[in-house]
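Asks: If you read the sequences in order, they're chains A and B.
For the first sequence, the tail end lands on 554 under full-length UniProt numbering, and the numbers increase by one without skipping.
For the second sequence, the tail end lands on 324 under full-length UniProt numbering, and the numbers increase by one without skipping.
FYI, nobody ran anything at the bench for these hints, they're computed from the structure.
Quantities reported herein were computed from a predicted structural model and do not represent experimental measurements.
Any given hint could be a false lead.
[Said to hold, decoys possible] Restraint-style ranges between C-beta atoms, simulated for each label pair: (1) B:10 - A:122: 53 to 59 Å; (2) B:96 - A:429: 27 to 33 Å; (3) A:469 - B:159: 47 to 53 Å; (4) B:175 - A:427: 38 to 44 Å.
We put the CB at the ideal spot given by N, CA and C, even for glycine.
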Amino acid sequence: MTKRTQMTTRTMTTRAAAAVLGAAMVLAGCGSGTGTVSAGGTTPRAGGTLILGENGQEPTCLDPHGNSSSDGPVITVPVSDSLVWFGADGTIQPWLADSWKVSPDGLTYTFTLHPGVKFHDGAVWNAEALKTNFEHMRDPATKSPLAAAYIAPYKDSKVIDENTLEVHLSSPYSPFLNILAQGYLGMISPKQIKEAPQSICEHPIGSGPFILDKWTKGQSVTYHKNPDYNWGPKGAKHTGPAYLDKLEIRFLTEDATRYNALASGEVNAIDFTPPQNVEDVKANPDLGFVSALRPGHPMSFWLNTSRAPFDDVKVRQALLASVDRSAIIKGISFGQYEVAQGFVTPSTPDYASGLEGKIAYDPAKAGRLLDEAGWTAKDADGIRTKDGKRLTAYFPIDPSFPAQRMQIAVQTQAAARKAGIDIQIQTPSTQEVSDRSLAGDYDLASGLWATNTADVLWIQYSSKNITTDKRRGQNVARLSDGKLDELLQTARETTDKAKQTDLYNQVQARLIELAPAIPFYNDPRPVSFQKKVHDLTLPPAYPSPYFYDTWLDE
Amino acid sequence: MRNKILRLVGGRLIAGVGVLWGAATLTFLVLYFTPGDQAQAIVGGENAAPTPEVIAQVTAEYGLDQPWYAQYLSHLGRILHGDLGTSYRLHTPVTQAIGEQAGATLELALAAAVVGLTLSTVVALATAKRRRWIRGIASGSELVIASTPSFWLGILLLTVFSFGLRLFPATGSHGLQSLVLPALALALPIAGVLGHVLREALEEVLDEPFIVSARTRGLADLTVRLRHALRHALVPLITMTGYWVGALLGGAVITETLFTRQGIGRLLLSAVNAKDLPVVLGVVLLSAGIYVLLNLVVDLLYLVIDPRLRDAPATARPAVGGAS
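The shape of chain B in the complex, shown without the other chains (with noise of 0.2 Å):
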């Protein structure tokens, strides 16, 4: 078991190297080479007449008169040692920048993951096996949040409860009160999802001869529920670790400049708008590597939660969710 465990870690760690280079290599490929002169994009925006000076001097202090290849050959060493390099447009260290923002986009993820987690659970687990209208409302309003854009369920949640009844301030990332709205804009169209997800999973073990032997020893309905069906039906949910980690962020972007949040999602808009390459570069490489650990988290979760996986051979446990 403790074998098992390290190879997979291992190779799941040696792979995710390889993650890391090809993101980071596509990213630069995409950015050089896609329309836009470099010097322009950086130092050029609104009201900007840049003289030829400044933009010569960008040009060499960046290393844009190199060919890409060189140009890529010194992005990636810099940051196989460690070094993210500096912002071209904010003037700070990669680090630095990611870190004033990377907090608030921490704290609404995470949020945003606790109330959709807990919702679609609490719903699926409440509504599985009822009466069909009583399922017929839950799955119904599922499909229209999951189909809701999340742009538009925020400012729905705005007019309502912070320009109408005024509960919630429409603004800022400072405080429990100000993460109410943006949490719930997140995490509603992911809930509709999971929670569709558990229910069918649910509705199916429920069927289960095991369910059925519970029962007869005379268990409560909830505890069966808890106990017994909730652990089988988790599994999917699990596999779908990659989507909903995927929604979360990229939901982050149009959440975060609906409610005039900070967080990495703007941050990395307007670094790939002005070609910033180190900060693109920094966003990427750590959405990749919180993608590698994810993935590394969710195939040791398998071993735990069923226990026929960690006898079986490596091959034979379910795939984990696409990386959306």
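Looking at chain A on its own, in the form it has when it is part of the complex (with noise of 0.2 Å):
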């Protein structure tokens, strides 16, 4: 777990991650549409170049299916659309699919596609096209690290004709749509795939409303746009070609020097907002401000359920409660992030409203808990032990992670030991660290998973995914709870909604009496722009800037 949080970048600015306030993110997140915000009712123009500052974290290949960088889909989804489309509201909307069946039993789903859509090279968008895709994502020479994952239950498909697919997959799998719909799982030339495999990495060819032009490693991207471009998503605001002639994504590592780049005109727009400049861009009347919350799991510290002390649920409870994480997370954030109320963010489908404000801040409840569990006695150093042990848990952090995942684990460890719990954080190398999650040697560990599905809590908690010898699983917390395996897989299988929704109230619920992790944050996507740049999007299946509605008045 601790590979998929790493940063790339090594110095200490860009460690800052990125904020917005509570409001905006509510706003963006749950609100209508694609999470679009739009300054003025003027009518859009075609024409000009929009460069957006992105931040450090390049991917090493662009093939959709070849990176689960946070970075993949800003840079592919121009060049590559997809199956399906995501609404806020959490339905599946037709993209390059019209239309969709799933049979009852869930194994078997029917795409009708979108007819007359081009890939760049020419290429004809069918259903031969959709199965190469999709074996192609599952090619293990295509060596995918995430796409092939999130398709695990895919077993093979069926040409029923030009404009027909037959998907069979080899176990229910009610979040497949929901995955399709995430740029990491978007559309490449069959042609290419076919032809040129190994120039995907470098020069994707889609058939999306932009087509890439150069990738400058280091540095940039660049595209112009799709003329022939007629079959944008539904959930759009237009239809046709994009607005924008041109499209530069660079790669700006540093925090301050993105902020800067975007204050002193040399790009357009920003990703990832430093947390401290928020409220510089809101206070300035020539930029504009977007956020979204990231759908799936909240920034945590994941607690090893696998050996002592966290293998006793009153301690777990007992650090939960021991954390005023309201507090810590104001002040690392410089008040832009939103606490987390529970194991998904509220921009999650079946996220448990209702759970709100469960996990809360009690230093008495933790006292009695710890007392409850046998850790009556206490050392010279106010530490609690128990037959003469003392409670201590390990919490290894790699070193390349975000600067305040550490100022986090600091305060969070200060408020333990007012517990009496004695945290010691420990700074090994990356691949330490690595090799230290593999082998289950931690107690504590940080990470978050982005994800358009409460499915994220399978992922995260299944005793499934309990990394063996074999293979390497999500499981950080080593969770293995009869109850909640059993939900967790009834609501993966089933094609009803409404139990579907039931089910995952309940696994939340069932998280917030099992404690396997403390919830710190709801990550936000922050954007800036100047305020020429319209039309600027969100899209809910992944959110990271979406170009397609984007204009720039001169």
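Got two chains here, separate frames each, mind docking them using the hints?
Replies: Written as structure tokens, this is what we have:
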């Protein structure tokens, strides 16, 4: 798990992530449509070049199926369309597929594809093309770090006619359509997949509103408009080609550089606005701001439930009660982050809003719980002991993680100490943290997981996803709870929406009892832009800047 | 004379091959034996959830299940055939990966070298053997600049000249405009050290009897400094070549990151983290090769600058500065 949240950059100032006001997050995350903001009511005009300053998490491969970077979709979605669109209300809407049918057993998906779609190399979008894409995602030679795992239940598919594909799954998998809306599963030209698969990383060819010109590694990606584009998603604001003639994404690793590049007009917009600059952006009449909460698991510290001391649920509950999460998050984010209320963010489908407030700061309760767990004595340092053993937990932190993580860790350590829990923060090398993570040699570990389905809880907490010699899983808490497993598996397999919502509500309530993690904040994607930039949107499937509707007034 | 040069070049080149082999071996061993599962490092990264099939593919394709000596020999054999291989992470040939980045680093290093050498020479020539307060100011500022981390210096330059005065762009590697600040950030600390060394050497030379005799012949001060003193004072500067080239290459990593420039430094950093052996080996071999060639050039330069060495036995020449 340590790898997935690793920042590629190493410098101090880059480490602050991003922020947004709570109100703005709720608006953008749960509002209607695409999470769009638009300034003024003027008519869109075509033309111009938009330059976006991106952070330093440049992928090593631009094949949508070949990367897992949080900068992946912002770079690949201009080029590559998805099969379906995911609305902010959690509904699945048509895009490259006009319609679809799911068999009652949840094992067969029949897609009817949008006719007349052409890839940038002239290849035709049809049932065969979709089949080729599924096979490319799953082919081990693609070395897919994410897409392959997301479509793991995919078995095979059958071309029914030119525009109809029947997809067979090996087990029912209700989040299938949700994840197909994410940029990581965007569609690539079947001609390129068959004839030049080694060129996809460098120069992916899709059917999107923009055609990739050049990837200058370490610096930028440039695109120009696809004049033939006429198959935008239904969730978009217009039809036909994109408004922008050209698009450039520049990697500006340093937070200060990125913000100042916007302030000085070197770029038109920036992604991951540094939290310390959000207030400046909002106060600046020349700049606009938009943000969306990333769906999935909030940024959390997972507690290793497979060994002492966190194998005891009372010790875990005590730690959660001893930490004033609001105060910590307010401090480290300059008041910009929203404290997580549970184990999925509010922008995730089937978020259980009824459980808000259940995880509360209560030092007295923490003390009581530790007493009940038998940690009654205290040593000279004020650390609780049981049978002569100190209540100590080890927390190895990857040195390449954002500085904020360390700040949260240090403040959590201080709070835990007051309750008599000794958290030992360690900073071994990135690779050693990874090895210890594989071996289960830790008591706390930090991270988050962004995906547009509550199935994220299956990924994080099903006992099937505990790392073994054979398979690296994402259940970092190493939680193994029979009742939870059953709820998660049933929710994953059911095709009944109402039943699924009920199941995920039960899952979230159960997790609050089990306390396998300290959830800290709902991770935002804060974007700032010059006022002349209009309709820069953040699609809810995987919030990151989307340029199809974007236009500039001069 | 010609024989001597040929022998020097031949000997140096043979030793150079040894240096390259040693550098490659050490790199392999360090990367192989540091903790961290190789397949996980290659296909891992942010948000990665590689399936067992993908891990198996990576392991088989790159021979990661082979014993270390077999992997070592296969890398070595490949390199001996002149094949630097394909990057594990970028899926492109290593020569291409390095080629895409080398130009930007070369541009930055050359610009910084020119600025650094010019600045140190001009300041040293102007201040050596001058009034005490002049020397004090020069040597004091050199000390401050030389001990300033180039990262901080870069931020300072950015804040003043880019964010503040908006004279130069803060990012990118296109055009002369975007080269000014990074080249300065890289050059100033080097200029500080070299300027100090050069002034000391100049002051020593300016006390020599032949300078006195030159002055008594009525030569102007500037002519004395340029024609007579500088040539002698250049020897320690050249001896420090290893230091400043090392500082250029090492400092490039930080400068490239800060100014969002392309470059080999950033390529190496990410390759080491991902245990991308072909790329790391390629960059290490390139840097080692540059050092070998540079030391050869320096040895030849001694012969040009100091005629006495041309006839002296080879062992008598001054040692070349350590390859830091």
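Asks: If a hint holds in the structure, say so; if it doesn't, say that too.
Replies: For each hint, the structure was consulted:
no., hint, in the structure
1, B:10 - A:122: 53 to 59 Å, "holds (58 Å)"
2, B:96 - A:429: 27 to 33 Å, "holds (29 Å)"
3, A:469 - B:159: 47 to 53 Å, "holds (51 Å)"
4, B:175 - A:427: 38 to 44 Å, "holds (40 Å)"
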